[in-house]
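Chain residues, written in single-letter form:
Protein chains: 4
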Amino acid sequence: MAGSSFGTIFKLSTFGESHEFAIGGVIDGVPANFELDIEAIQKELDRRKPGQSSIVTQRKESDTVQFLSGIFEGKTTGAPIGFIIPNENQKSKDYDHLKDTFRPSHADFTYQKKFGIRDFNGGGRSSARETACRVVAGAIAKQLLASIGIRFSTYVDQIGEIRFQSTDFFEPTAIEANLVRCPDEKIAVEMENLVREIRKEGDTIGGAIRCVIEYVPIGLGEPVFDKLHADLGKAMLSINAVKGFEIGSGFDSISMRGSQHNDLFNADGTTKTNHSGGIQGGISNGMPISFRVAFKPVATIMQDQLSINTEGEEVTVSGKGRHDACVVPRAVPIVEAMAAITILDFHLRNKSIHL
Amino acid sequence: MAGSSFGTIFKLSTFGESHEFAIGGVIDGVPANFELDIEAIQKELDRRKPGQSSIVTQRKESDTVQFLSGIFEGKTTGAPIGFIIPNENQKSKDYDHLKDTFRPSHADFTYQKKFGIRDFNGGGRSSARETACRVVAGAIAKQLLASIGIRFSTYVDQIGEIRFQSTDFFEPTAIEANLVRCPDEKIAVEMENLVREIRKEGDTIGGAIRCVIEYVPIGLGEPVFDKLHADLGKAMLSINAVKGFEIGSGFDSISMRGSQHNDLFNADGTTKTNHSGGIQGGISNGMPISFRVAFKPVATIMQDQLSINTEGEEVTVSGKGRHDACVVPRAVPIVEAMAAITILDFHLRNKSIHL
Amino acid sequence: MAGSSFGTIFKLSTFGESHEFAIGGVIDGVPANFELDIEAIQKELDRRKPGQSSIVTQRKESDTVQFLSGIFEGKTTGAPIGFIIPNENQKSKDYDHLKDTFRPSHADFTYQKKFGIRDFNGGGRSSARETACRVVAGAIAKQLLASIGIRFSTYVDQIGEIRFQSTDFFEPTAIEANLVRCPDEKIAVEMENLVREIRKEGDTIGGAIRCVIEYVPIGLGEPVFDKLHADLGKAMLSINAVKGFEIGSGFDSISMRGSQHNDLFNADGTTKTNHSGGIQGGISNGMPISFRVAFKPVATIMQDQLSINTEGEEVTVSGKGRHDACVVPRAVPIVEAMAAITILDFHLRNKSIHL
Amino acid sequence: MAGSSFGTIFKLSTFGESHEFAIGGVIDGVPANFELDIEAIQKELDRRKPGQSSIVTQRKESDTVQFLSGIFEGKTTGAPIGFIIPNENQKSKDYDHLKDTFRPSHADFTYQKKFGIRDFNGGGRSSARETACRVVAGAIAKQLLASIGIRFSTYVDQIGEIRFQSTDFFEPTAIEANLVRCPDEKIAVEMENLVREIRKEGDTIGGAIRCVIEYVPIGLGEPVFDKLHADLGKAMLSINAVKGFEIGSGFDSISMRGSQHNDLFNADGTTKTNHSGGIQGGISNGMPISFRVAFKPVATIMQDQLSINTEGEEVTVSGKGRHDACVVPRAVPIVEAMAAITILDFHLRNKSIHL
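Protein chains in written order, with our numbering: chain W, 14 to 368; chain R, 14 to 368; chain D, 14 to 368; chain H, 14 to 368.
These are calculated hints, taken from the structure and not from any lab test.
For clarity, every value in this text was computed on a predicted model and none was experimentally measured.
Any given hint could turn out to be false.
[To be verified] Derived DSSO-like pairs (lysine-lysine); straight-line CA-CA distance at most 27 Å:
hint: 1; chain 1: D; residue 1: K112; chain 2: H; residue 2: K56
hint: 2; chain 1: W; residue 1: K112; chain 2: R; residue 2: K364
hint: 3; chain 1: H; residue 1: K126; chain 2: D; residue 2: K364
hint: 4; chain 1: D; residue 1: K285; chain 2: H; residue 2: K126
hint: 5; chain 1: R; residue 1: K126; chain 2: W; residue 2: K364
hint: 6; chain 1: R; residue 1: K285; chain 2: W; residue 2: K112
hint: 7; chain 1: W; residue 1: K88; chain 2: H; residue 2: K112
hint: 8; chain 1: W; residue 1: K88; chain 2: W; residue 2: K364
hint: 9; chain 1: H; residue 1: K88; chain 2: H; residue 2: K73
hint: 10; chain 1: W; residue 1: K364; chain 2: D; residue 2: K88
hint: 11; chain 1: R; residue 1: K88; chain 2: H; residue 2: K126
hint: 12; chain 1: W; residue 1: K285; chain 2: R; residue 2: K285
hint: 13; chain 1: H; residue 1: K285; chain 2: D; residue 2: K333
hint: 14; chain 1: H; residue 1: K88; chain 2: W; residue 2: K126
hint: 15; chain 1: D; residue 1: K285; chain 2: H; residue 2: K364
hint: 16; chain 1: R; residue 1: K126; chain 2: D; residue 2: K112
hint: 17; chain 1: D; residue 1: K88; chain 2: R; residue 2: K112
hint: 18; chain 1: H; residue 1: K112; chain 2: D; residue 2: K364
[Unchecked claim] Here are some, though not all, of the chain W residues that point toward chain R, as calculated from beta-carbon distances under 8 Å:
hint: 19; residue: T27
hint: 20; residue: K126
hint: 21; residue: K127
hint: 22; residue: V202
[Claimed, not checked] Pairwise CB distance ranges (calculated):
hint: 23; chain 1: D; residue 1: P185; chain 2: H; residue 2: E227; range: 29 to 35 Å
hint: 24; chain 1: W; residue 1: E327; chain 2: R; residue 2: K213; range: 56 to 62 Å
hint: 25; chain 1: W; residue 1: P230; chain 2: H; residue 2: S67; range: 58 to 64 Å
hint: 26; chain 1: R; residue 1: A159; chain 2: D; residue 2: E189; range: 52 to 58 Å
hint: 27; chain 1: R; residue 1: G87; chain 2: H; residue 2: A159; range: 38 to 44 Å
For each residue, glycine too, the CB sits at the ideal point set by N, CA and C.
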C-alpha cells in the first residue's frame with residue numbers, strides 16, 4: 014500500500030523518478046474559481062532547482078512545470094490540476110556503476126530489499142528530485158492562503174554549529190538576500206563560508222530550517238490524532254534528509270517548569286509568550302505558528318567510502334561530479350511548500366465543523 | 014473533518030471525554046485467528062493509569078477495559094474489536110469553576126473558538142485520558158508483533174535537565190524497576206527526587222522518552238510521503254504535551270559531517286553505526302529503530318495563574334487537587350502503544366508490495 | 014484491510030456481532046453545537062427492531078441505544094459520538110448446531126474461508142443486526158439535514174410481484190400507516206397478505222424500496238469517481254440482502270431514446286421530467302433524488318435444505334424458530350439511514366469547494 | 014473535497030479535461046517487479062477510442078498513452094506509474110456556442126452551479142474522455158490478475174429492447190467478433206442495425222453490459238461496508254451514463270422465494286446455482302462473479318432541443334457533428350477496467366487478513 018499521496022481534501026499525489034521521462038503529480042481538491050499566478054509557481058521551483066548558485070549542486074535542470082488540466086482561462090475550475098516537470102537529465106550512463114552497489118546511508122539497500130527491484134538511476138524514486146512536485150502544490154497553496162491573509166516566513170536557522178536562533182518573521186526579501194537564505198547578513202556570511210569549506214573537502218554538513226506562519230485563523234487542527242502540529246511534523250519528516258521536528262519550545266521544553274512554560278493570556282486571547290508555537294491542544298490559537306526542522310548532512314560525499322554490493326561483497330564507492338555540500342538553502346522552499354499544503358488542507362477541513 | 018482515527022489497515026478510531034460515561038474505540042483491520050492475552054492488555058493500561066504510584070496524580074480511575082466484539086473463544090475473528098473503558102469519575106462538580114475560564118496553555122480556548130461549545134469537565138475530549146484507548150490498541154498490536162519477533166523498549170530518557178542519554182535496548186524488568194521508568198537506577202533516583210521536589214512546589218517539569226524497536230523486518234515504510242519515521246513522528250506528536258520528535262541522530266545530525274554521519278555497511282547488510290535510527294529513505298533497514306520524544310511540562314500547576322474568561326476579563330486560575338508533576342513516567346506505555354500501532358500498520362501495508 | 018467505516022467527513026465506524034456483548038460505533042465529524050433529539054433516534058431504531066409487528070421476526074431485542082460521548086448538555090460538541098446497543102439475546106445455545114455447518118446463501122462459508130475462524134452465533138459479524146448502528150448514525154444525519162430543509166421519503170415499492178411503482182414523495186404518516194410501509198393502502202394490504210402467506214410456508218420473498226429525497230441543494234457530488242449516485246449505490250449495496258440499485262430511470266433507461274430521456278429545463282433551472290433522478294454528471298441538480306433498491310429473499314427459511322459442513326459432507330439444515338418472511342418493511346429505516354449519512358457527508362464535503 | 018481517486022491500495026488518481034493539454038493519472042500501489050505488456054495496454058485503449066468503427070463517434074483521437082514513471086526495464090518498480098494521454102483535439106472553437114448554454118441532461122448546469130466556473134470545451138472534466146485513464150489502470154490490473162488466473166468476460170447484453178440475456182463466460186475473440194461486442198452473432202446483427210437506425214435519426218439509445226469474472230479466489234471483500242459488490246457497484250455507477258447496477262440475480266430476485274433463490278452447495282463448496290453472482294455476505298465465494306450495468310441513452314443528440322442559458326433564458330441547442338448513437342460498445346473496456354481495478358484492490362486488501 015503505497016504512500017504517494019499527501020493531504021485529505023487538498024490532496025497531492027506525485028509520481029516520477031530522478032531519471033525517467035518526467036516527474037509530476039495530480040492536485041485534487043483545489044478550491045474553484047481562483048486566479049492563479051503561474052509565474053509565481055515557477056519562481057518557487059527556481060528557488061529549489063539545482064544550479065541556482067555557486068554553493069549548490071551544479072547539476073543542470075531547468076525544472077519547468079507544465080500544467081495539463083484544472084485551469085481554465087487562468088482560473089482553477091475545481092477539477093484536479095495535473096502537471097509534469099520533464100527530466101532533462103534522463104537516462105544518462107552516470108549511474109551504471111551503482112547498479113549493483115548500495116551506497117552508505119542512501120535508500121539503495123532498503124528499496125532493493127523491499128521491492129526486489131530498483132531504478133538505480135539517480136536514486137530513482139528515492140531522489141530528492143521528487144520534492145519539486147511538492148513545491149508546485151505548495152506554491153498553489155501559498156497563493157490561496159495569501160488571499161486570506163496567511164503568510165509564511167521560512168529560513169535557514171542553522172548550518173553545522175552556526176546557529177541563527179530566531180523565531181521572528183522575516184520578509185522574503187531578507188531571506189532571499191543571500192545564498193544560504195538566512196535573514197541575518199552576518200551569520201549568513203559565516204554559513205556560506207562554512208558551506209564552501211565543506212564543499213572543498215568533498216564533504217557535507219547538516220542544518221536546520223525555521224518556519225513561521227502568521228495570521229493563521231484560530232481553529233485549524235483536529236482532535237485527537239490529526240493535531241495540526243502532528244500533521245506538520247509528518248509533512249516535514251517526509252522530506253528527504255529530515256531527522257527531527259519541533260514545534261514552539263520543542264526540545265527546550267524538556268527542562269522547563271510549567272510555571273515558566275505556560276503561555277499567559279492577554280485580554281484579547283493572544284498570549285504573552287508563545288512557547289506553544291501557535292498551537293494549543295493540536296488546534297491553532299491565532300499566535301504565529303513556529304517550528305524547526307533538522308536536516309542531516311546528505312549522504313552523497315565526494316570521498317571514497319567502503320560499502321557493499323548486492324552480493325554482499327565489500328566495494329569502494331567513489332563520489333563523483335556534482336553534489337550539495339549542504340541541502341538546507343535549497344530545502345527552504347520545500348519546507349514552506351509542505352507547510353502551506355498542510356495549512357490549506359486543515360483550513361478546508363475546518364470548513365465542515367459546522368453544518 | 015474530524016481526526017479520531019489513526020492507521021490505514023490496522024486502524025483505531027476512538028471516542029470519549031474525560032468525564033462522560035466512557036471512553037472507548039473500534040479497532041478495525043485486526044489480523045484474524047490470533048489468540049489474545051486479555052490480561053496483558055489490562056496490565057498495559059495499569060502502567061498508564063492515574064494513582065499507580067506516589068509520584069503521579071492521585072486521581073482514582075481503575076481504567077478497566079471491556080471488550081465488546083471481535084474476539085471469539087479468545088481469538089481475534091478479523092471483525093472489528095469494540096471496547097469501552099467506563100469513566101468512574103464522571104460528572105463531578107469539580108470543574109464548574111472552569112466553565113467560563115480559559116486555563117493558560119490548555120486547549121480550553123482553542124476548543125471553544127473552534128467548535129463554539131466545549132465540554133469543560135476535566136478537559137473533555139482534550140484530556141489525556143483519551144490516550145488510554147491508544148494503550149488498548151497498542152497492547153494488541155504489541156502481542157501481534159511479538160509473535161513475529163518484534164520487541165519494544167521504551168523508557169524515560171530525560172526529566173528536566175537530568176538526562177540518561179542511552180540508545181540501548183533495555184528489558185521491561187529494568188524499565189519497570191523504578192517509578193520513573195528509567196532503566197539506570199542511579200539516574201532514576203535523581204529523577205524521582207526531582208519530580209518530588211517539583212511536585213512539592215506545585216509545579217510541573219518536562220521530559221523525554223526514548224523508544225527502541227528491535228527485529229523490525231527490512232522493508233517497512235512507503236515512499237514518499239508515508240516514510241516510516243514520518244508516520245512515527247505523527248503518531249508521537251499526536252500525544253498530549255509532545256513538542257518534538259527525532260529519529261536516529263535527530264537534531265544532533267545538524268552539526269555532523271556526512272563522512273561522519275553515513276552508516277557504513279557490514280557484509281551482511283547491517284551497519285557499523287546507526288545514525289539513521291533503523292530507517293533509510295523512509296524504509297526500515299533491519300537495524301534497531303530508535304527515536305526520542307520531547308514532552309513539555311504539563312499545563313496544570315498547583316499555583317495561581319492570571320488568565321481570562323470567555324468574556325475576555327482577567328481572572329485568577331487556582332490549581333487544586335491532583336496533578337502530575339511530570340507526565341513522562343505515565344507516558345511510556347502511550348509512546349510504546351503508538352509505536353506498536355504504527356509498526357503493525359506498516360507491516361500489514363507491506364504485505365501488498367507483491368501480488 | 015477491513016471495511017467497517019463509511020463516509021469521509023461524517024464518518025461511521027461500527028463494531029459488533031449478533032450475539033457478543035454489544036454492537037456499537039463511533040461517529041466522527043459530527044457538526045458541532047447542534048441540539049440532538051435523542052428520543053427521535055430511538056424511534057428510528059424502533060422502526061428497525063425485531064418483534065415490532067406480527068409480520069416480522071418475533072426475536073426479542075429492545076435495541077436501546079446508549080450514547081457515551083460527544084454530546085454535552087444535549088448538544089453535539091464536534092467530538093466523536095460513541096454509542097453501544099447491548100445485545101440482550103447473547104450467548105444462547107441456539108446456534109451450536111451451526112458451528113460446523115455452512116447454510117446455503119449465508120456468509121458462513123465465505124467468512125470461514127476468508128478468516129479461518131468464524132463467530133457462528135447468529136451469523137456473527139455478517140448478521141443484519143449490525144445495521145442498527147447505521148440507523149443510529151442515520152437518525153443523527155437526518156436531524157442535521159432536516160435543519161437545512163432536506164427531507165426523506167422511503168417506502169416499500171415492491172414485494173414479490175406486487176409493485177407500487179411510484180416515485181412520489183410521501184409523508185412519514187402515510188408510510189407508517191401500515192405494517193409493510195407502503196404508502197398505498199390497497200397495495201399494502203395485498204403485500205401484507207402475501208407476506209403472511211409466504212411466512213406460513215416457511216419461505217421468504219424479495220422486495221424493493223424506493224427512496225425520494227427533497228430539497229437537496231444543487232452541487233452535492235464530486236467528479237469523477239465520487240459521483241453522488243455512485244456513493245449512494247455503494248451505501249445501498251452494502252446493506253445485507255441488497256442485489257441491485259438504480260437511480261432515476263435506472264434499468265428502464267436502457268430501452269429509451271435520448272430524445273425521450275433528456276430532461277428539458279424550465280427557466281428556473283428545474284427540469285420538466287426527472288429521468289436523471291436528481292443527479293446530473295454525478296452532482297445533485299436540485300430536483301428530487303430518487304432511487305430504488307432491490308432486496309433478495311433472505312436466506313433463512315423454515316424448511317429443510319441440503320447443505321455441507323466444514324468437512325465437505327452433506328448435511329440437512331433445518332430452519333427453526335423465528336425469521337423474517339420479507340425483510341423490506343424493516344429495511345426501510347436502514348435504506349433511509351444510509352441515504353442520510355451519504356447526503357450529509359457530501360454536504361460537508363461540498364463546503365470545501367471554495368476557499 | 015474532490016473525488017478523483019479510486020481504490021485503497023491499488024489506487025488510481027486521474028486528471029484532465031476533454032480539450033485541455035492532456036488527460037492522465039497516477040497509479041499508486043502497483044505490485045512490484047511485474048513485467049508489463051505495454052502494447053496490450055494500448056490495445057485496450059483502442060477498444061475504447063472514438064472512430065474505431067462506423068457505428069461510433071467519428072471524432073479523431075489516437076488516444077496514445079505515454080508512461081512517465083514507475084516502470085524500469087519493462088518491469089513495475091513499486092513506484093507510482095504516472096501517465097498521460099495527450100489531447101489531439103484541443104482548444105477548438107467547436108464549443109464556443111456552449112459557453113453560456115446548459116444542454117439538457119448534461120453536467121453543464123450542475124458544474125456551473127457547484128464550482129461557479131466551467132470549462133465548457135467538450136464537456137471539460139465531465140466528458141467521458143476521462144474514462145480512458147481508467148482503461149489504462151484497468152489494463153495494468155488485468156495483466157496482474159491474469160498472472161494469478163483471474164479472467165474477465167465483458168460484453169454487451171442489451172441495446173434498446175434487444176436483449177442477449179446470458180450470464181455465460183465468452184472469450185475475447187467472440188466478443189470482439191462484431192462492432193457491438195455482443196458474443197451472439199445473430200443478436201449482434203440486430204443490435205448493430207438498431208444502432209445504425211437510431212444514428213440516422215440523430216438520436217441515441219441505452220444499453221446494458223454484462224461482466225463475468227472467473228477464478229476469483231474465495232475471500233475478496235470486506236465486512237461490512239466494503240462488500241465486494243458494493244465497491245463494484247460504486248465503480249460502475251461512477252462511469253458516465255450508468256443508471257443501474259445489479260449483482261447475480263439482481264432485480265429479478267425481488268419476485269423470487271428464498272427456497273428458490275438459495276444457492277445449494279456441492280460437496281466441494283461450489284454451488285449448484287449462482288444467484289449470488291459469486292459473492293456471499295460481501296465476500297467472493299469462488300463462483301463466477303456476474304453483474305450487469307445499465308446505461309442511459311447519452312444526452313448528446315443530433316436534434317434541436319429547447320434549453321436555457323446561464324441567464325435563465327430559453328434557447329435552442331442544436332446537435333452537430335459527431336456523436337455516439339449508443340455508448341455501450343465503447344463502454345465494454347471501461348466496465349472491464351473498473352472491474353479489474355476493484356478486484357485487484359480487494360485482492361491486495363485481502364493480503365493483510367493474517368499477520
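inquiry  = Checking one constraint from the list: CA of K126 (chain R) to CA of K112 (chain D), max 27 Å. Satisfied?
reply    = 54 Å, violated
message = Just to be careful: measuring from the Cβ of K126 (chain W) to every Cβ in chain R, is the smallest value less than 8 Å?
response = Because about 5 Å separates K126 (chain W) from the closest Cβ in chain R, which is inside the 8 Å limit, the hint holds.
query = Keeping to a limit of 27 Å between CA atoms, is the pair of K285 (chain D) and K364 (chain H) held or broken?
reply = Not satisfied, since the Cα-Cα distance of roughly 50 Å exceeds 27 Å.
query = Is 52 to 58 Å right for how far apart the beta carbons of A159 (chain R) and E189 (chain D) are?
reply = 54 Å, holds
message = Hint check: K126 (chain R) vs K364 (chain W), CA-CA at most 27 Å. Holds or violated?
response = The given pair, whose Cα atoms are some 13 Å apart, holds under the 27 Å limit.
ask   = Does the alpha-carbon distance linking K285 (chain H) and K333 (chain D) stay inside the 27 Å limit?
value = OK: K285 (chain H) and K333 (chain D) at ~24 Å, within 27 Å.
ask   = Straight-line Cα separation of K285 (chain W) and K285 (chain R) no greater than 27 Å?
value = 48 Å, violated
inquiry  = Run the distance test for K112 (chain H) versus K364 (chain D): straight-line Cα separation, threshold 27 Å.
reply    = 26 Å, holds
inquiry  = Looking only at beta-carbon atoms, does the pair E327 (chain W), K213 (chain R) fall within the given range of 56 to 62 Å?
reply    = Given about 59 Å between the Cβ atoms, the range holds.
query = Holds or violated: are the alpha carbons of K88 (chain W) and K364 (chain W) at most 27 Å from each other?
reply = 22 Å, holds
inquiry  = So, as I understand it, the hint says T27 (chain W) touches chain R; can you test that by seeing if any CB pair is closer than 8 Å?
reply    = 7 Å, holds
ask   = Taking 27 Å as the top limit, are the C-alpha atoms of K88 (chain R) and K126 (chain H) close enough?
value = It is violated: about 53 Å lies between the C-alpha atoms, which goes past 27 Å.
Of the numbered hints given earlier, the model fails hints 1, 9, 11, 12, 15, 16, 22 and 23; all others are met.
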